[in-house]
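Student: Work the whole structure out from these sequences, hints included.
First to last, the sequence lines map onto chains G and U. First residue of the first sequence: 1, per my numbering; consecutive thereafter. First residue of the second sequence: 1, per my numbering; consecutive thereafter.
Worth double-checking, as some hints may not be accurate.
[To be verified] SDA-like, lysine to any residue: derived pairs with alpha carbons at most 25 Å apart:
id	chain 1	residue 1	chain 2	residue 2
1	G	9	U	31
2	G	36	U	53
3	G	9	U	160
4	U	8	G	299
5	G	217	G	99
6	G	22	U	20
7	G	217	G	97
8	U	8	G	66
9	G	5	U	101
10	G	22	U	58
11	G	36	U	31
12	G	67	U	52
13	G	259	G	217
14	U	157	U	146
None of these hints come from the bench; they were simulated from the model.
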Amino acid sequence: MTNNKEHIKKVLKSIVLSEDEKTSMRARLAEYAALKPIRTEETERMSDDIRQHTQTPESRLHMLIYKVIYKIKTMPIIAGLLIVVFAGGGTSLAAEQAVPGDALYPIKTEVNETVRGALTFNTEAKARWEARLAERRLEEGEKLTARGEFSEEQKARIESNFKAHAERTQERIDRIAETDPALAAELSSRFEVALNAHETILAQIEAGDGVDVSSLKAHIHAHAGTVGTLRVQAVQHVSVGTDVDLEVAAEQMRAAAEKSLDETERLLARLKGKLDAEQYARAEAELESAANLFIEAEAELAAEDYRTAFARFRTVLSMTHHLSVFLKSGYLGEVTADERVDGHATSSEQEHRERPMIHITPLPSVFVDTDGQTTIPTKGSANTTSDESSSDETETSTSVEVETETEVETDGSTLNVDTETSGGINVNL
Amino acid sequence: MAVQHTEKRFLEIYDRYADAIFRFCVVRVTDREIAKDLTQDTFMRFWDTLRKGDEVTYPKTMLYTIARNRIIDHYRKHKSESLELLSERGYEPVSKIADAASQSECQEVIEAIQRLPEQYRDVVYLRFAEGLPPRDIATICSEPVNRTSVRITRGLKELRNVLRIDTV
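Tutor: Spelled out as structure tokens, the structure:
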């Protein structure tokens, strides 16, 4: 044992929090602080007699929630799960609707999401879950934008959390791409179109209520670009594989497309009563196009045209997933004549503010790439209403048609169909 | 905006002092997990104070004061655990960075501090490990300065004996 005083001090100073420990505590404290903002003079006057130090019944409760969450997080996973199952129950469920700023939000992120994350055991499941987490942050952002109260602090928090999840998703997909490019193609397609859909939804909500979310949209756009690159690479990797690999890839994509198609059909059926008639018709048409594409792709699969089948199944997946993001957003509902008075005070102004109407936009065809051609997604129609998007679609269809003619590749036929599809949507518009 | 300015300031204070508070807690309760709990608790109460709008000119001193009180409360609730019990339990190493040799040195120092008579532990740690001036230590322990100075001197002497250090 060295008798050097300086050495001992140095050794003691090495006792610090790890990076992770420090940042997670910081995040919890930031939320705690946001949950309990600075008192104004008003509340100060009211509370001076009653409250002595820092121990109010309210702050006790808040601190208790944080302590409980902290304890659950540091327990072995099983114990934490059991606690959530037996004691959480309704609270956990209620927390699912929370957004940053709500009392139950920490339960949503630190308990529910942690538990669900702990139940993902393989890389694929983790990648899907991480992507889902990124989407949850965006859904929260949409709710807050719709409410019209979206503080800079909340925006910053959602942006940084979204960014973290999106980056982790990309990392996982990247790693998956090394051994399973077909799966990587599916995951990246799915994530890419979801990001695109969310960006569009945010833009529409923003246009309706004026809360500026350009920074968040920029983040989404940037990540959609990166994921798009991943997607292109993965798809290319698949296309240059052996015939056996191609067949497997096509089968995988078929399964994914079928699942997505089924889910979206069920979703639409469930929402039938709650959807605007026009929106419902549009969604139904889109779904029908996707179903037709699916049948064609199956024919190609049977004919052993694996490359085309793969691409077409991927299109089905993209279209249906894009559509389901819109359907799940909860902003497509029936707006009665009373409410539709452009922001003027009506009896249901509250509801009008909280649920602006958005319009389903069809999948931009830039998200369907040609075999071997790289098309990095560019978003010309991000901030448009349905009227403008129809003219954009017309332009897009035209250029797509040209490409089709020069492309002798089988994927040219995919483009053909897409053109038809776009045309179909235009008719409906 | 005043609110955000304070929230920002709060987090800046956290960034600066989190490790120091954590260290203080670890040395005094000899358990990382509990220390983390106490650290978070300390900062949450610190925020509660900031909320009230009072000016806090010396956040460092206030943080140590709150932390010390949390530690006292912790011991009140967990009277049964003695130092011997903790040693037997084989808890995880307190420092994640230091190598094995330094680890055991760390442990020795911590145990030495914990073996000091109760009234010396806080002051010795704060003086020896953190180099705080006696005036601040007196504020943290809610004691008059001269009494604190005496404690520091005697405590350090004890520590010196236990650890056989030449100059402390």
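Student: List in ascending order the numbers of the hints, as given earlier, that are violated by the structure.
Tutor: 4, 11 and 13
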